[in-house]
Amino acid sequence: MGFNGTSPLLDQRGELRPEDFGAIRELSMNPIGDRIISAFFSPGKETVDFASFVRILAHFHPTETSRSRDGVQPEPANSRTRKLKFAFQLYDQDRDGKISREELLQVLRTMLEMQVTEEQLQSIAERAIQEADLDQDDAISFDEFRKSLEKVDIDHKMSIRFLS
Amino acid sequence: AASLLSVSLRLCLGISITAWLTLLFVFIIVPAVLGVSFGIRRLYMRTLLKIFAWATSRMEMGAKEKNQQLHKPYSNGIIAKESPSSLQQELQELRGSASCPRSEPEFEMADIFYFCRRGVESILDDEVTKRFSAQELESWNLLTRSNYNFRHISLRLTVLWGLGVLIRYGILLPLRVTLAITGISLLVVLTTLVGFLPNRELRFYLSEKVHLMCFRICVRALTAIITYHNRENKPKNGGICVSNHTTPIDVIILANDGCYSMVGQVHGGLMGMMQRAMVKSSPHIWFERSEVKDRHLVAKRLSDHVADKTKQPILIFPEGTCINNTSVMMFKKGSFEIACTVYPVAIKYDPRFGDAFWNSSKFGLVNYLLRMMSSWAIVCSVWYLPPMNREEGEDAMQFANRVKAAIAAQGGLVDLIWDGGLKRAKVKDAFKEEQQKLYSKVLVGEQDEGEQSDDMHLEDENQEEDENPEDESNQDSTKGQ
Numbered sequence: 001m002g003f004n005g006t007s008p009l010l011d012q013r014g015e016l017r018p019e020d021f022g023a024i025r026e027l028s029m030n031p032i033g034d035r036i037i038s039a040f041f042s043p044g045k046e047t048v049d050f051a052s053f054v055r056i057l058a059h060f061h062p063t064e065t066s067r068s069r070d071g072v073q074p075e076p077a078n079s080r081t082r083k084l085k086f087a088f089q090l091y092d093q094d095r096d097g098k099i100s101r102e103e104l105l106q107v108l109r110t111m112l113e114m115q116v117t118e119e120q121l122q123s124i125a126e127r128a129i130q131e132a133d134l135d136q137d138d139a140i141s142f143d144e145f146r147k148s149l150e151k152v153d154i155d156h157k158m159s160i161r162f163l164s
Numbered sequence: 001a002a003s004l005l006s007v008s009l010r011l012c013l014g015i016s017i018t019a020w021l022t023l024l025f026v027f028i029i030v031p032a033v034l035g036v037s038f039g040i041r042r043l044y045m046r047t048l049l050k051i052f053a054w055a056t057s058r059m060e061m062g063a064k065e066k067n068q069q070l071h072k073p074y075s076n077g078i079i080a081k082e083s084p085s086s087l088q089q090e091l092q093e094l095r096g097s098a099s100c101p102r103s104e105p106e107f108e109m110a111d112i113f114y115f116c117r118r119g120v121e122s123i124l125d126d127e128v129t130k131r132f133s134a135q136e137l138e139s140w141n142l143l144t145r146s147n148y149n150f151r152h153i154s155l156r157l158t159v160l161w162g163l164g165v166l167i168r169y170g171i172l173l174p175l176r177v178t179l180a181i182t183g184i185s186l187l188v189v190l191t192t193l194v195g196f197l198p199n200r201e202l203r204f205y206l207s208e209k210v211h212l213m214c215f216r217i218c219v220r221a222l223t224a225i226i227t228y229h230n231r232e233n234k235p236k237n238g239g240i241c242v243s244n245h246t247t248p249i250d251v252i253i254l255a256n257d258g259c260y261s262m263v264g265q266v267h268g269g270l271m272g273m274m275q276r277a278m279v280k281s282s283p284h285i286w287f288e289r290s291e292v293k294d295r296h297l298v299a300k301r302l303s304d305h306v307a308d309k310t311k312q313p314i315l316i317f318p319e320g321t322c323i324n325n326t327s328v329m330m331f332k333k334g335s336f337e338i339a340c341t342v343y344p345v346a347i348k349y350d351p352r353f354g355d356a357f358w359n360s361s362k363f364g365l366v367n368y369l370l371r372m373m374s375s376w377a378i379v380c381s382v383w384y385l386p387p388m389n390r391e392e393g394e395d396a397m398q399f400a401n402r403v404k405a406a407i408a409a410q411g412g413l414v415d416l417i418w419d420g421g422l423k424r425a426k427v428k429d430a431f432k433e434e435q436q437k438l439y440s441k442v443l444v445g446e447q448d449e450g451e452q453s454d455d456m457h458l459e460d461e462n463q464e465e466d467e468n469p470e471d472e473s474n475q476d477s478t479k480g481q
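As you go down the protein sequences, you meet chains A and B in turn. Take the first sequence: its letter number 123 is residue 123 in our numbering, and every next letter is one higher. Take the second sequence: its letter number 292 is residue 292 in our numbering, and every next letter is one higher.
Chain B on its own, in the form it takes in the complex (with noise of 0.2 Å):
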């Protein structure tokens, strides 16, 4: 009887492992290879939107029943910013309600209401330190990790999201882990094998072909629903393809659609293995460690590329690091300084679904896609601007602000000045100096200073940016291997 039960378990085992595999193959796999699409994805997200507005309208319930107030979160900051207007500007308002006007500007008792005003503000919500934590939703996901009203939660809705667990651990998580793994070994091995062709145009088409299938695979791994905009303005051969930075995943994002040249350091590992292979059927750049930090070498290579119109665009994030997706941080100027059309592209996540921003400072790499796997989606916008050139008379500082501008406007990010670097970083004092430069032009008038820029980063920020523009290699992130 025993032998009898244990047979019969590996029976049902072997047809359920059968079963799954060829869902698996017909339902994803086939479609990837091919390119087409069967539309469950975007079923699915309805679905998973209409149970969302569910599950916060009983919280929402719940919380009037207890005639308590749901913690909303403050997507425009908690406090009313005023315009900002220049420090000279708010000086003369402070001093035009004060004494007599006099004949040359000096110092007032009252100048330090700016400052301190300025400064409580920033306590209470300054624009820089929360890009780089995640941002908070409106309506609750059903996952732990963004709810901040548990004791709102009634027994239906536990059962819901006890539901949504088992759903997501049981049966996506390894779903996608198997899709991921097929996608990487296929990548790993295929591009090897189109190395070895000696004809080179075959190679190249069949290049495009394996990247454009194992990234689509990869995209099915993550089940992101990607809406691409504008397609018609999509990067050509020559070019730099420039976009603000999220997550590693915007790589993949974007390679799905077309293919690209990447720009990265070399890594050991898995990641290395990738690298080694992928470069065997397409000219990606690749760094060693010691070459980053020679901008000249660097931006040679850059050039070298883009010059050869027969090589694929060159994919940047001239941001250097993640940022969470509600904002445009300053772009590095390298990029900007080669001769070519830029091509700016902007990636817009929804964070409904799963909140995509990599926080590499509470999170590991594979901690982060650990998560991502285990998330309902991963929805994004992808728009595909029209392509720049640099002007007349315009340096590469400007350049890389009027993309940065184009590129916030689209995706509906807010522009802002400063340096993602910042991130880990502490303020330069060049910040202050800026500050205190601005008062003391108030004060004694102006002095002759050396050039003005209007800008509150300095020059010698951009020194900076001579580690590559591509993200991963300053994380310190191991693909643990």
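The following block holds chain A by itself, in its conformation from the complex (with noise of 0.2 Å):
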């Protein structure tokens, strides 16, 4: 695309708003597509600079591309755990720092919609939660995905390789 390039969603300030992502045929067919555009965007701002573009997707850079840092630099925006929390606030729109069985419900009808009925939706939610939550607080915690999570392989499933 090419934010300061030639790209079709240049806007003239050199700042992008939610209804310039709306122009991106193939993310209006994805069904988490509205929750993506609004990682970009920081809570309670409309707009996005090029510099806050690029940091959020720099989360999806390949993990093997970062150069080893020692312990006294920040870490990396697309190490494995700053993956995770990209994805987790996919899923915590209040951003209080836990899945709760509501905002579960909410991602899994975005997903589904008109395909599930509702007891199903209730059903999967409850065995999703009921596998994940470890403390029996009735929400998944940051710890709790990221336990969950441990066999996936992150650092492949959302890397997106940039040709150079």
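Because the hints were derived from the structure by calculation, they are not lab data. Even glycine gets a Cβ: it sits at the ideal position worked out from N, Cα and C.
Take a look, some chain B residues computed to stay more than 10 Å from chain A by CB distance:
1. A1
2. V7
3. T22
4. F27
5. V33
6. E208
7. K236
8. T326
9. K333
10. K348
11. P386
12. G393
Keeping only pairs whose Cα atoms sit at most 27 Å apart, straight-line, the calculated DSS-like set for lysine-lysine is:
13. A:K151 <-> B:K441
14. B:K300 <-> B:K236
15. A:K85 <-> B:K432
16. B:K333 <-> B:K293
17. B:K441 <-> A:K157
18. B:K50 <-> B:K64
19. A:K157 <-> B:K437
20. B:K432 <-> A:K157
21. B:K300 <-> B:K311
22. A:K85 <-> A:K151
Put the two chains together into one complex, using the hints given.
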């Protein structure tokens, strides 16, 4: 796309709005398209500038390309933890650090909409929470989220390789 | 002394105009009438290529001096897209590495990664949106409109560019406009005259000659350098010729080499005058605005036409809109429902000399034509593909897709299933539902759903094609008169 180049989304002021993302046809097809769009915007803000845009995209850099850092440096954006955090926030819309049952139901609803009945939705959500919720507080915290995804190859599945 | 000066000026002017017109006549109009070529345009093309290569290497040198990188367009996209696997496959992979396999399919927290990555990939580089804007070039062709490396232009290049502007706007543009006016007037006048002839045979014969001649003049008016391949497959009477659509000029490119019956909506103004004149000598199919909505009427008129073997093949552009010539989009099935032979044609433009794509949301028709006439040239290749027929058990949509794949393969274009109508319309919710359907199958297994469609578009998409197949009618173009 090339934000600063010949992008069809280029806004005159060098900022993007949610509507600009709406022009991307493939994104409109994605069931969680709206959530991904809002992931680019900090809570309460209506525009995103180029620097922030790139910071969010940096989460998707393949992990092996990051240089090894010593403990003093801040964690790189594309570390496994940061990728997990990004995905976590897709679920946790109110950013309270926990995925409540209601939030989980909401995600399931957008991904499935009219394809399943309400009862099926409830039971799916119920099972998912029981699986992941280790401290039985009826919500999934970030650590529980991370634990349930221990074996998933996140580095590969959440990475986009840029052609240079 | 003043009068002497004015007389001599007028004499000079008179002589130069005469010389100009003679040159025009000898080198352009006569060959157009006779259908021969001196090869001047190809020589011109080769010279231009050498100049472009030189210009690009100068820019690269300039960039290296400043230790910067030239902006190079990514013809294959910005990101590496893995070979498209289905939603099911991707999710299996995601889950396979997760917890132990279960007896029944269920929701996994990891599922969201699939959609998330797809979404961000779309933001970076989606397959559809970029088809509606002009293709980016690898080397600069001395047109400001296709330059992204302004910073690296040296003095020598600027002079060359300035010279280019002078030549294009001072010499080429007036020449081409003259030719265009000649071509169009001749078309209108001669076709009307031919229409008065009582003898049918003579009328057919002359009308063919007249159409060919006028379109040849128009081709020279655009300095179009066309290479026709496989002419043994040229469309024959009683068939339909289908082609990918990049610009209204496609019509001229094809009509330069053969006689077709055109299909379109009746316009007003200059366009309408041309239409009325043309139909007097040859059975073109023009629809009134009201008739366009009636699918059965359209189908009937087309069928009647192809049933008559003395009538020329119909020319149709099934995409319904102009695409930027890097891909072929969904073909509307209406033209493929008529029972006759289909002659596919692939047209590929060489963007180095001037981008022929009409971005109708950016430029109106007149503006577009001016840009075309002030480019260096329009270079394209036309491939006539072997005729195809609908096979047993194949429905119109499958037949359309088969033809589309053949055209895309021949022209080196990407074969997309997307509807060109997305240029203007928003994505229908039906697409999103399709994704949701696929995902729900993974979660809750197969439920008894209706018919399975592998294609991403659903049947109701095709109802839009009761607009007629040719494109210009639907653009907000006014050949303002």
